[in-house]
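Chemist: Here is what each chain is made of, one letter per residue.
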Amino acid sequence: MLPQDGGSRPKSRHSERRLKGTMPYTFLDDIATADVAFEATGGNLEELFKEASEATLATMIEEPDSVKPRTERWIELENPELDLLLFDLLQELIFYKDAEQLLLRVIQIEVHGGGCGFSLRALARGEKLDPDRHQQCADVKAVTLHDFIVEKTLRGWRSLVILDV
Amino acid sequence: MAQQQNVKRISENVWEVSTDFKEGMNVPARIIASEKLFREMDEAVIDQVTNVATLPGIVKYAYCMPDGHFGYGFPIGGVAAMDPAAGGVISPGGIGFDINCGMRLVRTNLTLDEVKPKIRELIEALYRRVPSGVGSSGALKVSRRQFRDLVEEGAGWCVRKGYGWPDDLELTESRGHMEGADASKISDRSVERGFNQVGTLGSGNHYLEVQVVRPENVVDPEGAARFGLDTPNQIVVMFHCGSRGFGHQVATDYLRLFLNVMASKYGIWIRDRELACAPFDSPEGQAYFAAMKCGLNMSFANRQIILHHVREAFSEVFAKSPEKLEMEMVYDVSHNTAKLETHQVDGRDRELLVHRKGATRAFAPGMPELPARYRELGQPVIIGGSMETGSYLLVGVRNGSETFFSTAHGSGRAMSRTKARKMWKGRDLQRDLESRGIYVRTGSYRGLAEEAGGAYKDIDDVVDATRRAGLSRPIVRLVPIGNVKG
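Taken in order, these protein sequences are the chains called A and B. Residue numbering for the first sequence follows the working numbering, starting at 1 and increasing by one per position. Residue numbering for the second sequence follows the working numbering, starting at 1001 and increasing by one per position.
There could be a bad hint or two in this list.
[Said to hold, decoys possible] Among chain B residues calculated to face chain A with C-beta under 10 Å, some are:
| hint | residue |
| --- | --- |
| 1 | His1069 |
| 2 | Phe1070 |
| 3 | Val1134 |
| 4 | Glu1192 |
| 5 | Arg1193 |
| 6 | Gly1204 |
| 7 | Gln1249 |
| 8 | Thr1252 |
| 9 | Leu1255 |
| 10 | Ala1276 |
| 11 | Asn1399 |
| 12 | Ser1416 |
| 13 | Thr1418 |
| 14 | Lys1419 |
| 15 | Lys1422 |
| 16 | Arg1446 |
Derived by calculation from the structure, the hints in this document are not laboratory data. Cβ atoms here follow ideal geometry from the backbone N, Cα and C, with glycine treated the same way.
All chains, full assembly: derive it from the sequences and hints.
Modeler: The following block contains the structure:
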């Protein structure tokens, strides 16, 4: 069983972003000098993982919404540690960026697990990077484990991630 | 700053943190910096360099160079020598994900007067031929199988296939080839990420720059002449990149492997998971060393293919062959490596594994492994600055033994990328730079803003600190007139 969710939350963080102008992920100014640090939050693990994926995409291109769902990839991962499961998911997105020049957004995700390990099954959709339509930012090299955090909070879940760019 | 109170000034440019600062430190930590650079350094440097000092088998000191700043695991600018005979470890976090990120400098016989009128055309030609940006690929078609050969052979593979001149290899650190690279130690995933990226720049702080040797910036005219930089306002080309997705995946693969075995099999406990490591003399340590050498070779090959395309671009724009343009290499140097080297410690020679992460090897005059033509001068060191302020060519010096013959690698960032984006706008910066005589081409305006000169330390301060501390001495300062920003 998963750890219990940390309280109720709006149905969609995206709608919250649109309505209130807030972001479920935030790039942090003063943590990493040459790299990119972000904090992502979610009411449950699925939302947290989706938002961390969006933040990783937003590190690579300016507008994640400019990525059209032209192709899809199923991602299935297992890890004894919950935080390393998120690490593996973000690494998977970086892998597709290099191996197939694919920009992917996680559309659906299920996270399972508990005492003896965690697993996820995610559907990611996206398309090949098109320099004419996708405003590029940084070519993410890797997810680092420096200060890498996935933790439960009073309002749900939070992660801190530093990407090497 | 709180942490800085625990640091003792040993000499004008050396600051020391003793072993009682943190539990588990095996050696003291030393930061090489002027007072100004030290005061401006982020606090994380002290925390990270003292974490490095806790690693098994570390010898003398954990060092941070004058351009040091926050990294992950090691600080950027970190240097640590491990003694394999004393249980010394190898750590991907001491090398960086971008294995063999490095610099290459190429000279031409062109002068500013000839290039200035064509700088826009030249930069556009370079931008077309050298893919840059997110996931950049497609500069060289190789099969996965050929790629496995390439990562074992390095830059020599490229020259053998016609992408370069034999002299290029002599003028590359380790002749562009690390003996012992073993492609059976790399994953299929790493090949998938990298086989299509040979000859590409990437992004972030990676760049390709056309620079000028102004007479007033020549610090040592005799040394500059030995590097073939003897014409007033001579044009040179400098570029900065690494092993691309391939090297990043090799580092990630072994970081994960080491995390699994480090405590359970070897009883090693670390303060930061990015310091994951294994004893050098262990199956896992040796496997990473052989795989990391593939990363080194990929990066040498990457810069070799870029050089080939740079020569083609110049040839196209100036309607002369690269030979006629005398586009010979000055040197190629790595600043993210771990190498087995012999160093004197306590009066005797010891074979040590020297990790340099954002630090450049700077062998002294007369040391073996230097190209014959530079042996009397010392190892060339290329320190890349921001696109606004310029870069340096330096050489190693005799008293560099203190830091295992290591010096700085760049200006060193002084400001986070997110903060830089709030201070500068890419398009405004591009216009401003053009008005100052620097034509910049980029696929990422946000990335351009992040690389603004103001986001970096003062490169003159960094170079001066390395000179005063006796790590390296400047030969010439190089200023940009055109830049392809990755």
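Chemist: Okay, which hints does this one fail, numbers in order?
Modeler: 11
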